[in-house]
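So the chains spell out like this:
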Amino acid sequence: MSLRQAIFLAGTIIAVGLTSIVPISCNSRSMEGMVVFTRVPIDNFDFQEDIIHNFPGAQIVAVNPDKPEGSEVILTTDFYSACSPEISYDAKQMLFVAQRNEHEPWQVWEMDLKNGTSKQITDFGESCSGPAYLPAGRLVFSRQIPGRGAEPVYALFTMNLDGSNISRITFQPHNDYPAGILRDGRILMFSKQLYPKAGDIMYLAMRPNGTKAELFYKGVHNSILHSQAYETMDGLVYFIEWEQGRGEKGEIVSVYQNRPLFSKVNYTSEFPGSFYALFPMPSGELLVSYRPSETDPVALYSFSVQEKSLGESIYNHTEYHVLEPVLVEAYSRPRNLPDEVDDKQSTGLLLCQNINVTATPFGSELNPLLKATRVELLGIDKSLGIVPVEEDGSVYLKVIADTPVRFQTLDEDGRIVYGPSAWIWLRPFERRGCVGCHEDPELSPENFVPLSVKKQPVSIPVESTQEHEHSSTVIIVE
Amino acid sequence: MRKYIKFLFIVVVLAVFGLLRIPVHKWSRQHVNYITAVDDHPLNCLSCHMYTQKDGVIAKLINADYLSPFNMAVSPDGSKLYVIAQEGNTLLVVGTETDKVIESIAVGERPHSVVIKSDGNSAFVSNQWADNVYEINLTSLKIVDTLKTGSGPAELVLSADEKFLYVVDSYSSEVSIIDLQTRTELKRLMAGNNPVAATLSPDRNQVYVTSRRTLAMPYGTPPMTELTVIDAATQRVKERKIFENAYIMENVAFTPSGDMAIATLIRPKNLIPAIQVERGWMMTHGIGIIEPGNDGRIIQLLLDEPNAYYSDPFDIVITPDGEKAFVTHSGVDFVTVIDLHAIRTLLAESTAEELDYYSNHLGISSRYVIKRIPTGANPKGLVLSPDGKYLYVAERLEDRIAVISTEEMETIKTIDLKGPSRITVARKGRRLLNNAGFTFQNQYACYTCHPDSHEDGLVYNMAGKDMGRNLANVQTLRDIGDIPPYKWNGKNSSIYKQDGMRFSTILTRTESFDFDELDALVAYIVTGIKNPPNLRYNPNGELTAAQKRGKTIFYRTHTNCGKEIPVENRCFTCHPPPFFTNMEMADVGTLSETDDPMLFDAPQLNNVYESAPYLHDGRSATLEELWTTFNDEDKHGVGNDMMKDQLNDLVEYLKSLRDAKYYKDNIETYKADINPE
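Same order as they appear, the protein sequences are chains A and B. Those letters in the first sequence? Residues 671 to 1148, by the working numbering. Those letters in the second sequence? Residues -12 to 664, by the working numbering.
Please note that a few of the clues may not be correct.
Claimed, not checked - When the alpha-carbon atoms are kept at most 27 Å apart in a straight line, the in silico DSSO-like pairs for lysine-lysine are as follows:
1) B:Lys452 x A:Lys1124
2) B:Lys478 x A:Lys1014
3) B:Lys452 x A:Lys1068
4) B:Lys452 x A:Lys1125
Treat the hints as calculated values from the structure; they're not laboratory data. Values in this document were obtained by computation on a predicted structure and should not be read as measured data.
Here chain A stands alone, though its shape is the one from the complex (with noise of 0.2 Å):
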């Protein structure tokens, strides 16, 4: 082959594969530095009926912040509805909800940001709702399931990406929904109380696999908790509350999260409008949703934080309200939490260090603490046995797992010293310790052996108790 016959095959080998390319470059595309956010028609937004974000008519749409206008590009094209957009934590994916026609449940998505396809991850009966990435190649999302009444209520599951694996993780008469992961590597969620009252949304942290669900953050009471939360790098956990008493308009707050329940700073108090939703970006700098008054739309702008201060308006439509917006970029994972959960197991084990401490910690003359010296246990519908405390206020039990209970403490005359507490459940080998009944949450535990643990765990439910009535006179109630 003489060099000129060589080059003219190099050349031609080298047309034959850009022309070969080219197709498929063109069907790709860079998300990398978009906003990512979900437009709800003006017509179907219905905002504080519900913590579930489950909007119809909704679409997932992408803009350049930087040349918003001509830029805009909906992702979601092939579906009817589609809401709740959560990037991956190399960008390169999108977790969403959606429902191909109308009438149908709403399932989780996962689309390939750099082709635009997207492939199906849950498919059951129910509508399922704010999915998130989790480590090690699992999400946490909503699901339907039934409830007391004909409402459904929403509880946590985890999956798979590839929708394998799914595990119940929230067993309590609540409406559960993920809020965010925080960089600890737990979950965060809305959690609002349903029975045997409804009760205010909270934040509750727990792990991943359902276990140590503990309050993270409460406003006072009738506040809404309404948006997602994030965390940021320097600690602070960023989210839109409406806090009764403050007009009707969320506000963006935090929230240290090494000291949640104390630590709240509103930034936004001076705004007349009401934010909706917020992204932190790597400048510093959130993405809100804002709705500077009743007339206008919500719309996507960017906020200083230092400054407390809106910047200029990145997008907005007559026709559709802004929210949730996202940034795509790659961020930093959370910690891969073990998990100590046996499925093979039925119990988990709960140790109470001492009933008698308690959120009122030091009594007086006037008002001397009372001593409590049983613990009655309430499942939904009825009492599942009193216990009696060793004498140092311990109680040690072992609990069926995933199954919803409260606790009550009684002194010697069966009646009621505190409680009921909230709903608390064990997942199957779950061990658990409390240091006492609705106790001050900041407080850590005295070193001292309990004396139960010395002894077998008491069996719940408790046999020969299991009917019995739930006591009712009423010294102190939470």
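We have chain A already, so just place chain B on it with the hints.
Coordinates of chain B only, in the frame set by chain A:
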């Protein structure tokens, strides 16, 4: 034909390699799976077989000699910083204007602390592994005298008139008082268990000495750690203050007015079943405050926060105006700034009952912690410039000093001490061992329960399947690389397995180490953790008469009555040199009702004198109790025939046991001990 033979040879060689490749790969996979207890650890021969080399050329090439700055002192005019390089065995003289190391003075083995005389002309350096103190002329930068001390000299304090030097003897748990005029040790006072730090009160009348280990307590009672108060006038112990439920009191400082002495401490939760980390369930970290003017009242307050722990508080200094205290947290690489005015207010307005409550309160720190300043790896000693404007922080595993503005409360510069610039695999492992970032919410590091890579003297309720079961006496990490299995029940056949996935599930409760991290951690544990020399009981290998008699008992084959002791019941069967363990499981009659049925791994006995309490659940407070109290059936060696003086001799011999290298170097001698014929 010859041409074909060559070709054939190549083909055969390739074929052999090809045929061997699959079985060799399979064997390697099985081997690595066995060692690591997982099936996906990379097949990397180097991580195990090179980075764990302790001696030889390869070990020299892959490792480096770091400086590891530890404690410091500053010259009276503030122009020089004197830095103890703990592993460089040097005292570094650093110019605070030039930020350069001016001089490196070789000192004794494992120096601990340095103190400067008020005229700035001489310094004293304690050599913790040499049982002496060097006096150094700071003009000539020469060592001018060596002062003998008790065992493990640590912190040094000069008396008000600088005629006496108080030396905290960390291993022998004493305080040596050295007369600097006669250059002799005047007396030794008993201190708490493993004392390390001391400070002179502002009125110069008292020396406070803090200790790290709890006093001997039976299981079920909380740790009690002593702060020893020495009357400087009489040079006698004036008071022994007990900090309940606290230990690892690494350092102590007085406010300039003397209204408070503040010590760093850890509040462990070893008596509670180890079932979770959330809510400070395993460890909390804080300060202990003594109010001398308030009947010596003791208060403990935490420096942690509800979802963030500041593990391993080490040093504390207080600004000359008495307004701020700075505390290093060597487990999380932070310095905490404490507002002492806020502390005073809290103490004044709180009842005793409330203050007791606050000692376990994770949110109370927001009342007095005003800043967390990040540092380099493993911050240890602190010292303030004489004017109080600058705070120097020894970043031990960075070979660096951070300089913090006490006004701005920010790091303004760092001083490179010019240690090795590369980070070796073992060094990376050491950083991991010292860092609490690998525990949920940073609650504790490996180091927390293994201070100085040893053990903390506590027994933890590890709560196997049930709570209240399987108590575990913490074991040392020193010199353990060659003596698998690990854990008392011997379930872990390697350090890889010990520190792998299950470790994260039941202990650290956060993401497990990745493979590189695990390799590094193993490399450090195998190569980098040595036993200190047993200078207290066996300084030069020459046994005392009692130790020699005890050694005869240890190696005996017949009882006092002449009856042959079954081989399996002789001391040296299970505890042969050089590690004094046969690495086998045994039943020594110590299984209790709260233990799951199991045999126990025979523990090594090197430096056993400093590992009280003993047995898997720590029930034996002393070596003697092993036979006087817990060996009714002669299952833990035949001992019931022994006379009291024989038992004393045996204990004396056991206390003389040194590091394994000593016995490896004298292997013939010990072979003869085992087989006298």
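Taking the numbered hints from earlier one at a time, note which ones the structure violates and give those numbers from smallest to largest. none
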